[in-house]
Amino acid sequence: DVKVTQSSRYLVKRTGEKVFLECVQDMDHENMFWYRQDPGLGLRLIYFSYDVKMKEKGDIPEGYSVSREKKERFSLILESASTNQTSMYLCASSWIGQGQIYEQYFGPGTRLTVT
Amino acid sequence: AQSVTQLGSHVSVSEGALVLLRCNYSSSVPPYLFWYVQYPNQGLQLLLKYTSAATLVKGINGFEAEFKKSETSFHLTKPSAHMSDAAEYFCAVKSTLTFGKGTMLLVSP
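In order, the protein sequence lines correspond to chains A and B. Start counting the first sequence at 8; every next residue gets the next number (the numbering used here). Start counting the second sequence at 22; every next residue gets the next number (the numbering used here).
Check the hints yourself; a few may be wrong.
What the hints assert, rightly or not - Only pairs whose alpha carbons sit at most 30 Å apart, straight line, appear in this in silico DSSO-like list of lysine-lysine:
id, chain 1, residue 1, chain 2, residue 2
1, A, K64, B, K115
2, A, K10, B, K79
3, B, K70, A, K64
4, A, K60, A, K25
Treat the hints as calculated values from the structure; they're not laboratory data.
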């Protein structure tokens with residue numbers, strides 16, 4: 008079974024703090040993704056990475072950065088947390104297809120509250 | 022750009038009734054389409070995917086979806102709802118996964 012784990016299920020941080028969300032996958036997937044999920048808005052892609060040290064902006068990258076130093080680990084960084092970043096954050100991973108599209112495997116999510 | 026539209030943010034059915042969750046896509050190329058389910062306080066898990074091999078796709082837990090190119094639709098169905106099907110369902114297109122906004126399925130006894 009593919010496993011994607013996230014470092015925390017619940018996190019409470021103060022405005023202005025630097026926040027690290029960690030994601031680890033154990034299936035040697037090339038692709039990794041960070042989404043945020045908000046009621047009524049569905050999932051929105053923040054960043055994704057298709058290889059170590061490679062990253063691409065998604066739909067809503069402002070206020071976030073990412074790091075991928077090892078293939079299995081993908082970190083999301085909030086440089087200076089703000090209240091509008093209170094959300095559920097979901098990490099996912101998938102293989103890169105050769106003419107095939109592969110589904111994503113998701114972690115359980117981190118519910119971040121910024122006060 | 023590819024996009025998906027899910028009609029209805031909430032759908033309510035009685036236990037044993039037909040489940041129909043609607044998804045329409047826009048894509049200028051043959052799409053890859055997915056349905057995911059999210060149970061409370063969990064991540065998303067794949068229900069089924071369409072990759073052009075067959076228009077009727079069977080997934081887990083008795084769900085299936087039919088790809089209709091003429092209608093640009095990929096609706097999710099289940100003949101008989103169970104209480105355990107209560108969850109949020111997401112339609113998605115292609116592999117970076119543009120998601121719909123989700124449909125919450127409520128099942129009453």
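- Going back to the hint list, which numbers does this structure go against? Per hint list: zero violations.
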